[in-house]
Amino acid sequence: MPELPEVETVVRTLEKQIGGCTITHVHVRYDPIIVGDAREFEEQMCGQTFRRFERRGKYLIFRMDDLTLVSHLRMEGKYYIQPPSAEITKHMHVIFDLNNGMQLRYNDTRKFGRMEILAKDKDFRHYKDLGPEPFDKAFNPSYVHAFRKGKRTPLKSLLLDQSFVAGIGNIYADEILAACHLRPGRSCANITKKDEEHIVNETQRILKAAIKAGGTTIRSYTSSLGVTGRFQTSCTVHMQKICARCGGEIKVKYIGGRSSYYCPHCQH
DNA sequence: ACACTGACCTGCGAGC
DNA sequence: TGCTCGCAGGTCAGTG
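If you're matching positions, the first sequence starts at 0 in numbering that gives the first Met the number 0 and goes up one per residue.
Check each hint, because a few of them may be wrong.
To be verified - Calculated pairs, DSS-like style, for lysine-lysine (alpha carbon to alpha carbon, straight line, at most 27 angstroms):
#1 Lys211 x Lys240
#2 Lys252 x Lys192
#3 Lys15 x Lys121
#4 Lys250 x Lys193
#5 Lys136 x Lys121
#6 Lys250 x Lys240
#7 Lys89 x Lys121
#8 Lys136 x Lys240
#9 Lys110 x Lys136
#10 Lys127 x Lys193
Source of the hints: derived by calculation from the structure; they are not laboratory data.
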């Protein structure tokens with residue numbers, strides 16, 4: 000499932016592949032993907048050119064001539080660039096015809112993803128109560144301290160809270176906490192100043208490494224597959240059985256409505 | 001204000 | 001073999 004590093008990779012790949020392309024026709028095949036009226040969406044997107052590509056948290060942002068298109072891939076959303084002759088499968092919900100003869104196709108098995116048209120100059124700094132970007136200087140140890148003040152929520156839930164920091168999902172939350180030697184179920188009320196520093200540093204280090212790896216993986220894809228949000232990461236705890244550090248058994252616990260993987264020996 | 005739960009979806013694997 | 005059931009996950013509305 001795409002988290003910040005995957006979304007970043009998708010944005011950069013699409014920028015290279017369809018930057019400057021103009022949409023000549025749009026067909027929405029499953030209306031609920033579109034926030035607002037799907038027919039109006041088709042009409043408004045027609046004739047628009049992909050000008051700039053941005054990301055905010057897990058949201059993809061396409062700056063067009065007269066509007067901004069925001070897209071969230073949720074769990075399984077993927078963009079493909081294919082010729083019109085390629086088979087349209089049952090999970091391809093939005094088809095954009097491009098002026099270079101190709102089609103941009105939005106594929107989403109679970110139909111969870113969403114697309115929305117917003118104003119051309121929409122400011123995303125305060126979009127949907129999203130917290131700071133992990134690489135922004137606003138995400139620092141004293142911010143972590145101020146945010147967690149008065150809260151007793153588990154650290155896992157804190158990292159998944161998009162208003163705390165934008166872009167972290169279930170996989171990276173587990174990986175960040177493993178790197179910090181902190182258990183996912185531990186209350187955010189009783190961590191130290193050192194822990195706050197670790198959370199910031201490890202979040203940035205792990206996401207940076209993942210973006211680098213994501214880029215590498217995407218480049219190895221054949222062009223016919225287009226762009227996907229999928230990428231193989233070398234997880235130390237998530238979905239693992241044995242801890243890479245101590246060789247002990249990895250435990251799975253349901254925390255904050257998510258399955259959370261951790262090493263009871265290395266994380267306290 | 002905070003914390004937790006269920007709904008949205010479909011595919012897949014486990015268990016019977 | 002074929003069925004049912006639970007799980008996976010990001011976000012948001014709803015509830016306590």
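Would you check the hint for Lys15 and Lys121, treating anything up to 27 angstroms between C-alpha atoms as holding?
Holds. Lys15 to Lys121 sits at ~23 angstroms (cutoff 27 angstroms).
Given the proposed pairing of Lys110 with Lys136, does the C-alpha separation stay at or below 27 angstroms?
violated, 35 angstroms
Does Lys240 sit within 27 angstroms of Lys136, going by the straight-line distance between their CA atoms?
Roughly 36 angstroms separates the two Cα atoms, so the pair is violated.
Between Lys252 and Lys192, does the CA-CA distance stay at or below 27 angstroms?
holds, 26 angstroms
Pair hint outcome, Lys211 versus Lys240 [Cα-Cα no greater than 27 angstroms]:
Roughly 25 angstroms between the alpha carbons, so the hint for Lys211 and Lys240 holds.
If you draw a straight line from the CA of Lys136 to the CA of Lys121, is it 27 angstroms or shorter?
The hint holds at about 22 angstroms.
27 angstroms Cα cutoff - pair Lys89, Lys121:
violated, 33 angstroms
Lys250 and Lys193: Cα distance at most 27 angstroms?
holds, 25 angstroms
Check the hint pairing Lys250 with Lys240 against an upper bound of 27 angstroms on the C-alpha distance.
Measuring from Cα to Cα gives roughly 8 angstroms; hence the hint holds.
Do the alpha carbons of Lys127 and Lys193 lie within 27 angstroms of each other, as the hint requires?
violated, 30 angstroms
The structure is inconsistent with the numbered hints 7, 8, 9, 10, although it conforms to all the rest.
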